[in-house]
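The hints should help you fit chain B with the ligand onto chain A, whose structure is shown.
Just so you know, the protein sequences line up as chains A and B, in that order.
Just so you know, we're using this note's numbering here: the first sequence kicks off at 10 and counts up by one.
Just so you know, we're using this note's numbering here: the second sequence kicks off at 2 and counts up by one.
Don't take every hint at face value.
Covered by chain A, according to a simulated footprint, are these stretches of chain B (three or more residues, beta-carbon under 8 Å) [said to hold, decoys possible]:
| id | segment |
| --- | --- |
| 1 | 168-176 |
| 2 | 299-310 |
| 3 | 449-460 |
Please keep in mind that the hints were generated in silico from the structure rather than gathered at the bench.
Ideal Cβ placement from N, Cα and C applies to all residues, glycine included.
Spelled out from the first residue to the last, the chains are:
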Amino acid sequence: MTATRALEVNDPALLSFAEEVGERDSGLVAVAGGRTRWGVGGALDPAARVLTAPTGIVDYVPDEMTVRVRAGTTVAELHAALAEQGQRTGLPERGGTVGGAVAVGENSMFVLGRGRVREAVLQVRYVSDQGRIITGGGPTVKNVTGFDIPRLMVGALGTLGCLAEFILRTNPIPALTRWLVSDNVDPFAILDTVLQPGAILWDGRQTWVQLEGHPPGVEAEQRRLEAIGSFTETKGPPETPTHRWSLKPSELADAAQFGDQPWLASIGVGTVWASQPQPHRPLDPGVQALTDRVSEQFDPANRLNPGRRPGVSNPTGGS
Amino acid sequence: MAGFLGSVRRRITPQGLRDAQQDAAADPVVRLLSDALSADRVRIDGAHRSLHGHDASVFDGGVSGPVCYPTSTEEVQAIMRIAKEHKRNIVPRGAGTGLAGGAIPLGAPIVVAVTKMNRILEVDVENRVAWVEPGVINLDLTKHLQPLGFHFAPDPSSQQVCTIGGNVANNSGGPHCLAYGVTNSHVLAIEVVLPSGDAVMLGGVDAEPAGLDLRGAFIGSEGTLGIATRVCVRLTPNPPAVKTLLLSFASIGDAASTVSSIIADGIVPAALEVMDQRITQAVENYVQAGYPTDAGAVLLAEVDGLAESIEVDAERIAQIGREQGALEVRVAADEAERAALWKGRKTAFGAVAQIAPDYYLHDTVVPRSALADVLEKVYEIAERHDLTVVNVFHAGDGNLHPLLAFDARKEGVLDRVHAAGAEILRVCLDAGGVLSGEHGIGLEKQKFMDEFFTDDDLEHQNRLRQSFDPGCRTNPGKVIPTGHSCADIAALKRVSNEVWV
Ligand SMILES: Cc1cc2nc3c(=O)[nH]c(=O)nc-3n(C[C@H](O)[C@H](O)[C@H](O)COP(=O)(O)OP(=O)(O)OC[C@H]3O[C@@H](n4cnc5c(N)ncnc54)[C@H](O)[C@@H]3O)c2cc1C
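One chain only, chain A, in its complex shape (with noise of 0.2 Å):
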């Protein structure tokens, strides 16, 4: 090993976490972020010490497209900075953390153009269950060195780690976005019209498009949309509902499961924004054993973030 290549972690920030996060002895901890989505899988067990995750952006190289970020700082914050140098992640902007976006793993409104959260997440370093600083992936933008942790701390609610630190994918904002909407198009129709849309959104009476590119493109786009229904500028997307579902892209069709309140389908996607939660779906017995085993793996105290079962939520809110 090489002086250069320090492994073991020395930021003091995270350090500080780590000892406040303790040992295996030390108790219930649980880590807030802006409590933005502080419902979803399960109310957090009252015994509980609440912590909060270090914050501040670390190293940002705009020519690398990579952030290092702590997980407390706001994804507004995060979002500002890489602004100012024409980047983006596929982080969903609502108000929270980064770690509290990666811990619930909810994609953004946007996730056609911007990719899935799981995917931009490089590296992760989070306090164990024994209090002590775990990395892993790494901080290239391809790389299959070892298992993929971070895949696996993404909607983990923190029940696996408590989430410290990322390397994050930055993605470029491309030079001209634009809002669409039409009363008159088929929703269904545009994903085969249009080649790479930000968004889709249908709420069973207007469809709005968000074309993203550089401008010539933009405006092909527009054209090819115009062929199929009649659409006009506007700012952008619509209010949404509270309750978040998750369905096949094919499922959104079927409107009447939604109720008679408003609701705002993602076309090509399968998020639906519902005014009523989504029905419950129990996971499959065997993957609910897995999930089982890899919790006793990481946290057999039950520890971390107690009371939060990912897959048991009926989240609600939130773009």
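Below, chain B with the ligand without anything else, positioned relative to chain A:
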């Protein structure tokens, strides 16, 4: 595979094979496997076991136990249950093109070759997915999807032979993964037969499948967490327009700085591939692809998407190239010219045979801004060890493939190849790189894992391993270095002493 240090592979004598076959015939497990499948799909003959003793890596082969060819999930489950019951290890296997020794059997395990599970089960255009069996060959899937206007985006250079199951296990990439992402971005669900024999469906086609991303954890696990028996892949629409540019430079350093300037400019090309002069000349000799042989390096840049948009990107790439001193910027005039350029790139490894009879292909990733600097060191290391190195690589994501070409018959050359390889790896790590970009850890890089991860990090990787495979019977001895991984070593010793010599 010719050229892969064939001469250093362990030679198994015909007598040795006959003895092993007799042992095998007497093995009760073979009878159970034959009952569960059929006698002709459980092979114990020497030829089969020898063939399945190695993969496309440089390693001495292992000795395989019975080689099973299941045709259904149920049969894979039956194999797993027999293996569990009789405490035998198993090794999943696709086409055997892996370059890190992932499919090499250690301790005479049962080899489960999924090559007969090769049906494309369903193409669901509405959800833009296809369900396939793991033995489907990568290029066959793309050819099947082509008339529908789609393709499977990961395109490893081995795509004419490698399997989707192998792609999943190694999280494989390819030239066009720069813009589209590697296998992980293109697999939505996987049916896995666990070491317990239970089959589970990980992931799903819905927007955000509930629970842990066990699908993501399985991808890239190199056959150590179970056997993939069905894979749901995402369909990628064929781009309406493609432009391929060939830029030539006086030095590989200029080509590398052009690559990092293109990325820094916010352009995400479909592919950015670099070849140095030595390999370019070999390729030209081999397939006459139209590359300039007098340049120090060539950069193959491809943009795809909307005709209106790629025009802008192609223009900008050409401009950046000229700013970086490109000797020539050529845009492929038609599909024939484009196809020729790609044929040249994809047959580069085949062309190496003209340089030397054997080669060792490395695989690491460095930050793109470090490419020029690291390449300089790679040439310096090779020279110091008196070896020939050629570089042909996925430059856009910093994925280096230094290829050491040599003649294994020469005294002491292998030691120099290994010493140079280790030095190259350390230079990459020092530059902020990682151990592997697409070939995986397998057997090859285990010993370097603790130069990248701490003991605690490795212990956590083992936690994941243990939750899928508590007995450590699925592809034991791979990825996680010995000493960090469950009962691997003890298990290997036990089995090899039992029946299979
Ligand atoms: C000339 C050449 C060029 C190459 N180019 C590239 C490239 O551009 N990009 C790249 O990423 N790789 C490349 N490779 C490496 C290799 O082709 C890939 O890793 C490929 O995905 C392996 O597929 P396979 O079917 O041959 O798998 P195998 O070699 O048979 O197996 C590889 C690993 O996967 C496991 N495995 C196989 N099937 C299953 C299954 N169904 N379930 C669970 N585990 C399984 C095995 O146990 C083993 O660990 C190249 C190899 C060669 C020889």
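Going through the hints against the structure:
1. Interface restraint, the segment 168-176 of chain B with chain A: holds (3 residues with C-beta to C-beta distance below 8 Å; minimum three).
2. For the segment 299-310 of chain B, the assignment as covered by chain A holds, since 5 residues bring a beta-carbon within under 8 Å of that chain's beta-carbons and 3 suffice.
3. With 8 residues carrying a beta carbon less than 8 Å from a beta carbon of chain A, the segment 449-460 of chain B meets the three-residue requirement, and the given coverage holds.
The structure agrees with every numbered hint stated previously.
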